[in-house]
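**Student:** Given the structure of chain A, go ahead and fit chain B onto it with the hints provided.
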Amino acid sequence: MSITHLLFWFLTVLALGSALMVIFSKNPVHSILWLIATFFAISGHYILLNAQFLAIVNIIVYAGAIMVLFLFVVMLMNLNSASIPLKNKWLGFAGVISGGSLLLVLTAALKDTEIMRNDVMMKTGDIGLIHNLGLVLFKDYVLPFEISSVLFLSAMVGAVVIGKKD
Amino acid sequence: MTIQHYIFLAVALFSIGVIGVLTRRNIIIIFMCIELMLNAVNLLLVAFSKMHHLAAAAVDATTQAGIDGQLFVFFIMVVAAAEVSVGLAIIVMMYRNTHSVDVNFLNRLKH
Chain A
9 MSITHLLFWF
19 LTVLALGSAL
29 MVIFSKNPVH
39 SILWLIATFF
49 AISGHYILLN
59 AQFLAIVNII
69 VYAGAIMVLF
79 LFVVMLMNLN
89 SASIPLKNKW
99 LGFAGVISGG
109 SLLLVLTAAL
119 KDTEIMRNDV
129 MMKTGDIGLI
139 HNLGLVLFKD
149 YVLPFEISSV
159 LFLSAMVGAV
169 VIGKKD
Chain B
2 MTIQHYIFLA
12 VALFSIGVIG
22 VLTRRNIIII
32 FMCIELMLNA
42 VNLLLVAFSK
52 MHHLAAAAVD
62 ATTQAGIDGQ
72 LFVFFIMVVA
82 AAEVSVGLAI
92 IVMMYRNTHS
102 VDVNFLNRLK
112 H
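Chains as they are written, first to last, in the numbering used here: chain A, 9 to 174; chain B, 2 to 112.
Hints should not be assumed to be uniformly reliable.
Unchecked claim - Stretch by stretch, here's where chain A covers chain B in the computed footprint (C-beta under 8 Å, at least three residues): (1) 3-11; (2) 33-41; (3) 51-64; (4) 77-87; (5) 91-97.
Claimed, not checked - Pairwise CB distance ranges (calculated): (6) Ala117(A) <-> Asn105(B): 32 to 38 Å; (7) Leu110(A) <-> Ala62(B): 26 to 32 Å; (8) Val158(A) <-> Asn108(B): 30 to 36 Å; (9) Ile64(A) <-> Phe106(B): 35 to 41 Å; (10) Gly142(A) <-> Phe106(B): 43 to 49 Å; (11) Asn108(B) <-> Asn86(A): 21 to 27 Å.
Read the hints as simulated data drawn from the structure, not as lab findings. Ideal Cβ positions, reconstructed from N, Cα and C, are used throughout, including at glycine.
With the rest of the complex left out, here is chain B:
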């Protein structure tokens, strides 16, 4: 496969995530669409890593070029896990105050 397949797949996944953020009003689904966009970027990073590795391996068979991209994906997953735990705590807190997960009711930043 060429890199353009992966680029278009990642762009489509990212756009689906953007559409979800813009159209849905349930804050949990908006949060899930953010995760979807993060995963689209992760997939593209891995594909670019393998593309870079293929180009470098043609010159030197024992090279490890491209491994940084996969470690970057690992750190993105780490940050996403921390983000989700804090974000869901905030959502539970807001639900306790307003008894709703509709973002239109949460646009005042005060009680």
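Excised from the complex, chain A in its bound form:
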């Protein structure tokens, strides 16, 4: 078992375990911290696949910006777990059954397909480096890139308009 396999399984266990802790934590702040751990594990997977640019962007954008926004909102709202009323036990049970069925169906449907034995290029390959990604981004994808700036502007205006008092 090579170091790559060990790292893969370690990051997989870390990602799945902290994803489970996200949905089973009672305190919303703990959920957010576990979600940050999940994002770091996913960034580790990106590094293992040599997608270095996406790994850094994932940490900066998701773990850095989005989760801090979540933390700010939760702390501004001053949520305490006592304000959440008692929930229906069967509703949670039905939700877990539904999600488990989705997992079962997808796993059973994909298990024997032809593509499953294809190898993935680990640790090598330079398509994930910022040099190559930047060249393609500003040559072939420059129009979506510029349109996304308009999207950000409208999101910013929308957030300000929705968030201000009346």
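**Tutor:** Chain B in isolation, oriented as in the chain A frame:
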């Protein structure tokens, strides 16, 4: 590693996100589970990109096949960031009106 490891990991992460959306009633945690599902898809896109690149690199060593998948992930992150900013503004607005983040109190679409 083969692609099936990544497929099963992404399917498991996505299902955990679905379970969270279905069982939790705190709207912020539901929102976080949506982010979790987006990240599962992103991971799968990167894995498929590297799989495609490996197959193409066996034919032509200087190929850049598969780079589109990683740019797609980049644009998904862009859209997710915009979505989160507007969504959290809506959540703050709803909290100001109802003083609750329980989705069962928000099912009327009117004040």
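**Student:** With reference to the structure, classify each hint as holding or not holding.
**Tutor:** Tested hints:
| no. | hint | verdict |
| --- | --- | --- |
| 1 | 3-11 | holds (count 8) |
| 2 | 33-41 | holds (count 5) |
| 3 | 51-64 | holds (count 6) |
| 4 | 77-87 | holds (count 10) |
| 5 | 91-97 | holds (count 6) |
| 6 | Ala117(A) <-> Asn105(B): 32 to 38 Å | holds (33 Å) |
| 7 | Leu110(A) <-> Ala62(B): 26 to 32 Å | violated (40 Å) |
| 8 | Val158(A) <-> Asn108(B): 30 to 36 Å | holds (33 Å) |
| 9 | Ile64(A) <-> Phe106(B): 35 to 41 Å | holds (40 Å) |
| 10 | Gly142(A) <-> Phe106(B): 43 to 49 Å | holds (47 Å) |
| 11 | Asn108(B) <-> Asn86(A): 21 to 27 Å | holds (23 Å) |
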